[in-house]
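Based on the sequences and whatever the hints tell you, model everything.
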Amino acid sequence: MAQIRLKNVSKRWNNFVGVDNFNLDIADQEFLVLLGPSGCGKTTTMRMIAGLEDITEGEIWIGDRLVNKLEPKDRDISMVFQSYGLYPNMTVYENIRFPLKVRKVPQDQHHERVMAASKMVELDDFLQRRPAALSGGQRQRVALARAIVREPNAFLMDEPLSNLDAKLRVSTRAQIKNLHHTLKRTTIYVTHDQIEAMTLADRVVVMSKGLIQQVGTPMEIYDRPANTFVASFIGSPAMNLVHGNIADGVFTGDKIRIEGLSKATNGAVTLGFRAEDATLAEGQGQIEAPIYSVELLGEATMISMRVAGELVSIKVGKDYRAEIGDSAKFNVPPAACHLFDRTSGARIVAD
Amino acid sequence: MSYATLTQKRPLPLNLLISLFIILWVVLAAFPFFWTVWGSFKVEPDFFSRESWWNAIFGTYTQAQTGGTFTGDGYYGAWVTREFWRAVMNTAIVTVSVTVISLTLGTLGGYALARSGQRYAFWILIAALVFRAMPHITLVSGYLLPFFQLNIWGVLPTSIIVLVAINQPFTLWMLHSFFLSIPKDLDESAMVDGCTRFQAFRMVIIPVMWPGVVTTGLFSFLLAYNDFATTSMLLSADNQTMVPKISSFLGSVQEAGNVMYAVAAVVSATVPLFILVLFFQRQIVSGLTAGAVKG
Chain X
507 MAQIRLKNVS
517 KRWNNFVGVD
527 NFNLDIADQE
537 FLVLLGPSGC
547 GKTTTMRMIA
557 GLEDITEGEI
567 WIGDRLVNKL
577 EPKDRDISMV
587 FQSYGLYPNM
597 TVYENIRFPL
607 KVRKVPQDQH
617 HERVMAASKM
627 VELDDFLQRR
637 PAALSGGQRQ
647 RVALARAIVR
657 EPNAFLMDEP
667 LSNLDAKLRV
677 STRAQIKNLH
687 HTLKRTTIYV
697 THDQIEAMTL
707 ADRVVVMSKG
717 LIQQVGTPME
727 IYDRPANTFV
737 ASFIGSPAMN
747 LVHGNIADGV
757 FTGDKIRIEG
767 LSKATNGAVT
777 LGFRAEDATL
787 AEGQGQIEAP
797 IYSVELLGEA
807 TMISMRVAGE
817 LVSIKVGKDY
827 RAEIGDSAKF
837 NVPPAACHLF
847 DRTSGARIVA
857 D
Chain W
2 MSYATLTQKR
12 PLPLNLLISL
22 FIILWVVLAA
32 FPFFWTVWGS
42 FKVEPDFFSR
52 ESWWNAIFGT
62 YTQAQTGGTF
72 TGDGYYGAWV
82 TREFWRAVMN
92 TAIVTVSVTV
102 ISLTLGTLGG
112 YALARSGQRY
122 AFWILIAALV
132 FRAMPHITLV
142 SGYLLPFFQL
152 NIWGVLPTSI
162 IVLVAINQPF
172 TLWMLHSFFL
182 SIPKDLDESA
192 MVDGCTRFQA
202 FRMVIIPVMW
212 PGVVTTGLFS
222 FLLAYNDFAT
232 TSMLLSADNQ
242 TMVPKISSFL
252 GSVQEAGNVM
262 YAVAAVVSAT
272 VPLFILVLFF
282 QRQIVSGLTA
292 GAVKG
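Protein chains in written order, with the working numbering: chain X, 507 to 857; chain W, 2 to 296.
Hints listed in this document are in silico derivations from the structure and should not be mistaken for laboratory results.
Here are the simulated lysine to aspartate or glutamate pairs, EDC-like style, with alpha carbons at most 20 Å apart:
id	chain 1	residue 1	chain 2	residue 2
1	X	K761	X	D783
2	W	K185	X	E577
3	W	K185	X	D560
Structure follows, in structure tokens:
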């Protein structure tokens, strides 16, 4: 049983703020993803939970224990490192067995547990090799096996897939998801890849500059981004953000005019909509601009055009044909539009 | 590209020049040693002949004095008559102690400095570099009076302490850079896996560090083994190690045959080094080409 609670946790190095006033309750067995660009404090947060980084302020609770002052070994967690952190002088078998050995788990259980862990990550054929003789994906699986062999309270994973090639990343991602389902342990996963976050997470924490920007399920974060940072970070391509003015429910900007929006807000705002929500317009279009580029994706075509100074991406059917420079017209349904405050970037909640 | 193809591509004169240079270098480097080994089995009038250096090769006087072209007199004189074996024992005690103490302090200190994020770690290393750069004799001259006063001059432990002091900055630097080449993730995963900081050091880092420890250990060993300045100043005649002992053989030329004791002792002192380097050569090579410890 391990809920993890972070209360007002901060990390500062002299004047530099790494993590600022971080508050979060992580439920038992939850798969939580910390998502953000490099330097946003997500890895620091995880390292504070692991005990590898001192906590400047605040409290971290694992289960019902305050762990601020506990050594990493006493926190009953296990961690998968970005660079794997395998012991090069030990074989795969010895690597996986190491946590059992140092924690004085009775000898007679070792073999069984190592074999069970290695079976789970399909490493049976490599047990006698050394890490140097393994590929990146295999090394990653050794690191996973070493983390799961002890069945700790919680797993911490620090960008475990970022050193793998694209294809392996997809299969290992599925493996991690499956492991979490089988083992049912609290998992905290750090990544800068929003697709990993969307596919793996029960809940996503989007961070930027040491601050939590939004906490929510992947769908919440995708459908209702709390601010322009989250909107521009989540989704591929990111949400289109266009500056303009809204008055009486009508948003206007250079080459764009959308009617039927909320009448509660007036003045300068930022309008956001996703590439797939725009539709081709017959006759008069809400967006009307010359095409800047046409990209064929296979299952669809991506068109970009300059609207109100910003490059806006729009996804159209794969049969759509147009040349660069042609004028194109699109509609965006008002329900698919998001309004953000122009200065703070925060979402403007309708009603 | 293999060596063979490179050789074929070069013009012949260049190849000749390269070969000549290598041969010249080998001769320059190795000749004095072989000459000494050969000469150590002759008598003094041959090896230091005033008539002709052919005497050193053919052993004219050796034949005349002992009846054979080779003689073990130099070795007998040095080892038995002048008790060179005592010096060998002393050297063994000094070098082994210096190496063990230097490595113990050096691995612990080097690890701490490599993993410390504090700014003073840098200044400690700079200070170590300064002390390393000083001539060894500086330390000795400063110590002489206190050692006399404390009545600890002339004994082995005193010179061991001074040699460790001289050697420590170097071991600290060398081991520090070896530790830096080992990724921090290794310590951290060991600590998450259940080790204390010291267990991580002992069970995970040191096994990976082994080539570095061996290389540094060898350099410490050689420093103590070859040291003259400290041991000659700090050890009484009874407690001398090999190098000052050899020097004292040379220093009394009025006594016939003593120079040959020195020559024989020099050869005796070289043999262990060969054995040592041969024994540890794999670790030394991998230690000198460090960085081969990627996870």
